[in-house]
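Participant: Mind docking chain B on chain A? Use the hints.
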Amino acid sequence: AQRVTQPEKLLSVFKGAPVELKCNYSYSGSPELFWYVQYSRQRLQLLLRHISRESIKGFTADLNKGETSFHLKKPFAQEEDSAMYYCALGGSQGNLIFGKGTKLSVKP
Amino acid sequence: SAVISQKPSRDICQRGTSLTIQCQVDSQVTMMFWYRQQPGQSLTLIATANQGSEATYESGFVIDKFPISRPNLTFSTLTVSNMSPEDSSIYLCSVDGSYTGELFFGEGSRLTVL
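Residue numbers (this note's numbering), protein chains in the order written: chain A, -1 to 106; chain B, 52 to 165.
The hints are simulated quantities; they were obtained by calculation from the structure and are not laboratory data. Mixed in with the good hints, there may be bad ones.
Unchecked claim - Calculated cross-link-like contacts (lysine-lysine; reagent style DSS-like; alpha-carbon spacing at most 30 Å):
1) A:Lys98 x B:Lys58
2) A:Lys101 x B:Lys58
3) B:Lys116 x A:Lys98
Same shape as in the complex, but just chain B:
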């Protein structure tokens, strides 16, 4: 299994600002995923972040809005840029469980944009 720590756990931000969410894993993992969970909705994949390469974004998500860094095998960041109230969501970091297909999740970062 993998233990994932996310920071911040929650934040309240002003429209037009940017926030960076950090994800730290207690072991080296190949694949890291960033999900968004809007209020009352399911989890939607934003992007896949692999170390040493650019993140792969899902349809509807772009790098300018959600830049991602993956400097090593235990850490990643997701930035939510130029925020608007529609970006108010829980953002979740997850990692693969190697050979099982299972994903492990962080506790999420609850973002409220005013």
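Just chain A, same shape as in the assembly:
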């Protein structure tokens, strides 16, 4: 079965500290993985996708097939990074399967 696990419900760090939001997936085929972000009072939006290997707002995520992980990282967190982050796996119908989300709180 396709499944996404985000073990941390809440992650709290100080400004300037490194951040790692964990994501593990379960999928027998070749996965398509995404990170979505939802800032306060805004709609859910794509942060990055593994296929493009890009860095957005300083965030990167590397797909590790051996560990079935797609952790999101940023070396120096900023206060404006505070948001809900969802890891998502591409489903067989073109839909996305979401993890439960991690709330990132960056303190000044």
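Facilitator: Below, chain B alone, put in the same frame as chain A:
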């Protein structure tokens, strides 16, 4: 990208009534998805709506409770029927980003059932 408008943005409803949520997209899209986000929970797919065919429902969701229409490539509706307080959620419309696998989301419709 696609711009998605959902109506209503929020509503308070009485138990036993029904509410229809509308989703309008600014471009033609093949696939539209309806998700539910219950308080403190993640997004759960309700159904996939393709134009010209019946919606495909996920396990735990049935057409009688959540009828969906998809009359054309830019519009869809989701009805929440015979509502109970357990239906209090945010309902989100999303569309595929064609060739990217990315989904675009509406702002959601926050439904409170008393």
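Participant: Regarding the pair Lys98 (chain A) and Lys58 (chain B), is the alpha-carbon distance no greater than 30 Å?
Facilitator: holds (25 Å)
Participant: Take the C-alpha atoms of Lys116 (chain B) and Lys98 (chain A), compute the straight-line distance between them, and say whether it is at most 30 Å.
Facilitator: Status holds; Cα separation ~24 Å.
Participant: Would the hint linking Lys101 (chain A) and Lys58 (chain B) be met if the CA-CA limit is 30 Å?
Facilitator: holds (27 Å)
The structure fails none of the hints (numbered hints given earlier).
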